[in-house]
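From the two separate chains plus the hints, produce the assembled complex.
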Amino acid sequence: MEVAIIKYNAGNIYSVDFALKRLGIQPVITADKEILQRADKVIFPGVGEAQTTMEHLKSNRLDELIRELKQPVLGICLGMQLMCRHSEEGDADCLGVFDAEVKRFIPERQEEKVPHMGWNTLSDMRSALFTAEQEEQYVYFVHSYYVPVNACTAATTRYILPFSAALHKDNFYATQFHPEKSGSVGETILKNFLNL
Amino acid sequence: MLAKRIVPCLDIKDGKTVKGVNFVNFRDAGDPVELGAQYSRAGADELVYLDITASHEGRKTFTELVKKVAAKISIPFTVGGGINELQDVDRLLSAGADKVSINSSALRNPALIEEIARNFGSQVCVVAIDANYEDGQWQCYLNGGRVPTGKDLFQWAAEAEDRGAGEILFTSMTHDGVKEGYPNEALARLADQLHIPIIASGGAGTMEHFRDAFLLGKADAALAASVFHFGEIRIDELKAYLRGQNIAVR
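The listed protein sequences correspond, in order, to chains A and B. Note that this note's numbering has the first sequence beginning at 3, numbered continuously upward. Note that this note's numbering has the second sequence beginning at -18, numbered continuously upward.
Pulled out of the complex, with its shape left as it was, chain B reads as follows (with noise of 0.2 Å):
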């Protein structure tokens, strides 16, 4: 049976590893490598590799450190952060990557979700969206959740899943940082939507959250930061107690 997965994310400026509570605030949590083998060794399922620096040199440290993580962990993972264009993916998927993760760039040029399908196949391409509720509507950010589009959540989702996405990685800015559980019953209209599989962003703070991912939410992979770098959760007993639950997990 297709297991459900359980994918930390760290986000990664100047090499190194921060989680920000609603987006502002960072922290430092640590190695991004050393991070991403623990993790493999504890049974995550996937990793994803956010590079939240803007400048080029960043950039470049952020394509060394994926060749490191490629040659260490024999688990599948994503990077994203500054793709804007074909040369990109073609850069990191080159360094090892397994997916790369695209948002703001495919809300300002939809097409290069088509080409990246094109040219990779649409298994490589993840179309990240981060979205608030707010009066009645889920609306997605451009830039890391600083600009409001006017795009409306379940429009975006289903033209990337048109245009080729091979999955679509939602997060709630409403929920992230909160700890107070995945927003469900948008997770649950998505699954309905879509024939793609989706993963949840944004909000665990308890096991009981990642269970109501995918029983209530129907997501196909719950990602989290904080609670995994920080210790408040770790991935052996999340994934004893999810099948405690009978929720199918490796």
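Chain A extracted, bound-state conformation (with noise of 0.2 Å):
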């Protein structure tokens, strides 16, 4: 199995590599769109800030690619964000996959802090990235903006306010989380999405 990881100006593309890596994958990490679309899977990451991800993104005729792929496509954190339809972070147009706004997270009392770091629990889970038993397992998110529960929400986790923990519409599949940080419970999130 060919699994492609989108090489663009973001952090934690080596840790979703290693993650791959350690599940006996070797992933192509790439830019190229030939590469991209014949992959059988594409691993879209993401750590970074939303208006110059995407303005990056633009430039490099990115966006239009992500938009079209047609196999199974994971976006990992900032990478989910993007797929949305619009960002609070730098006022930004993303990619509109989902029809959801991205939203800063805004604390209702001072013990919230932000961003939501740590480890917290999934829960109304509706996707094949996850399993029944997967229920109130615990997944490590880092993040400063959310995407509220919508039409696409596959899996709802709550801080502040309960929030979309990961997404799915056809061939897209977004996690809020990092998968590739998150342990056991993690390596099954990522093993199911590889045997989409």
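Heads up, a few of these hints could be off.
To be verified - Simulated restraints on C-beta separations:
| hint | chain 1 | residue 1 | chain 2 | residue 2 | range |
| --- | --- | --- | --- | --- | --- |
| 1 | B | E140 | A | E36 | 45 to 55 Å |
| 2 | A | E113 | B | N124 | 30 to 40 Å |
| 3 | B | V128 | A | M3 | 37 to 47 Å |
| 4 | A | D101 | B | G(-4) | 44 to 54 Å |
| 5 | B | E218 | A | D95 | 42 to 52 Å |
| 6 | B | N124 | A | E110 | 50 to 60 Å |
Stated by the list, open to error - Just some of the chain A residues that point at chain B, by a computed CB distance under 10 Å:
| hint | residue |
| --- | --- |
| 7 | D19 |
| 8 | R87 |
| 9 | M119 |
| 10 | N122 |
| 11 | T123 |
| 12 | Y142 |
| 13 | H145 |
| 14 | S146 |
| 15 | P150 |
| 16 | L163 |
| 17 | S184 |
It is worth saying that the hints were derived from the structure and are not from the lab. Note that the structure is predicted; figures quoted are calculated from it, not measured. Don't be surprised by glycine CBs; every beta carbon is placed ideally from N, CA and C.
Quick look at the structure:
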């Protein structure tokens, strides 16, 4: 199986690479359009700032390419947010795969810190990424912006308010958390994606 | 519910784990990659690797170590020590680290916090502060606790947050290695003042000390070294204990 990781100016590409290697997969990290279109699975990772990253994607014409991919695609963290319609971070117009708006967390109490950083639980899972026993299991999050619960929500987590921990529409999957950093629970989620 | 994090810290010198008591008298505590993997299996939520080597050769050894850790371990880890400029951050993140911790370099050049936040995002930037309680004030120190700065802990933490720090890692030099508990009053004051997560560091000796750091100190994470390295507290038992105290842990 050929797994491609989209190479662009964002962090955490290497941790996804390492996580796949632990599962016995040798991914290619590339911005080459033909390789990306041909791959069996495409992963769109990301840690960074929405607007800068969108500009980078547009100037390399990766925005059109991602929207038109036909194989299973997994967006992670910023990758998931960029697959939405618009982000409050830098007032960025994004890819529009998911018809959702990315908003900034606004704490209601002093103990609610932003970024939402650390391990939190999954619930209401509705996607082939998850198995039933993962209900209420912990996965690792690091983010200051969130996607509200919407028609594409495939798992929910509560921090300040319930938000989308995962999204799914057609061949597009996405997680707000980092499966590549979520221990054995995350490994299972990555395996489930690879088995789609 | 967001879980409180338990964070073992590994001090690395020339590729090996060491731990000091009050920042001196190092004892050997084993292979850093294997130790990290053990902690991960036992339920550690994150790891911190601090490079306390000063030499150029030591830095290279450390970067190689970061790559090995990233290849083996599937939980987040932070690296610190000797990070003076963006290039150092880039090198360590490219080796597979999730976050970097800056300490003396941030005190000497506070703009470094902004540069890291702008280039890699706030979540990457942990600002570590070593402070000692003296004459009724928490004073920040440079160079692993050797050089006093005259800067106040609470003012510096607020400035670090304003400049874009994603987390504060506060080590009490007064409490470090003494095993009589974390500085809960100072931690709670930081928690009430800041809007970013706080990692408590320095002073853990018993499981009750972790409970107090979370309940009294309102810390988001608690870091410790020797109690874990020498097997005095087991992470799985600690988590079972905290769960029994109604503290959310993974």
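Here's how the hints hold up against the structure:
Judged by the Cβ atoms, the range 45 to 55 Å given for B/E140 and A/E36 holds: they are separated by roughly 49 Å. Remark: the range hint 30 to 40 Å for A/E113 to B/N124 is upheld by a beta-carbon distance near 33 Å. The hint said 37 to 47 Å for the Cβ distance between B/V128 and A/M3, and at roughly 54 Å that hint is violated. Hint check: A/D101 to B/G(-4), Cβ distance near 51 Å, so the stated range 44 to 54 Å holds.
For the hinted restraint 42 to 52 Å between B/E218 and A/D95, the CB-CB distance of approximately 51 Å keeps it satisfied. Checked against the hint of 50 to 60 Å, the C-beta distance between B/N124 and A/E110 comes to roughly 40 Å, which is inconsistent with it. A least Cβ separation of about 9 Å between A/D19 and chain B falls short of the 10 Å threshold, and the interface hint therefore holds. The interface hint given for A/R87 is violated, since its Cβ lies 22 Å from the closest Cβ of chain B, which is over the 10 Å cut-off.
Taken as an interface hint, A/M119 checks out: its beta carbon lies about 5 Å from the nearest beta carbon of chain B, inside 10 Å. Interface restraint check: A/N122 against chain B, minimum CB-CB distance 5 Å, threshold 10 Å, status holds. Given the 10 Å rule on beta carbons, the hint for A/T123 holds: about 7 Å separates it from the nearest Cβ of chain B. The criterion of a C-beta within 10 Å of any C-beta in chain B is met by A/Y142, whose closest approach is roughly 6 Å, and the hint holds.
Interface restraint check: A/H145 against chain B, minimum CB-CB distance 7 Å, threshold 10 Å, status holds. With 10 Å as the threshold, the beta carbon of A/S146 comes within range of chain B, its nearest partner Cβ sitting at about 7 Å, so the hint holds. Of the supplied interface hints, the one on A/P150 is violated, with its beta-carbon coming no nearer than about 18 Å to a beta-carbon of chain B, more than 10 Å. Here the hint on A/L163 is broken, as its CB sits about 13 Å from the closest CB of chain B, past 10 Å.
Below 10 Å, beta-carbon pairs count as interface contacts, and A/S184 has one with chain B at about 7 Å; its hint therefore holds.
Violated hints, in rising order: 3, 6, 8, 15, 16; the structure is consistent with all others.
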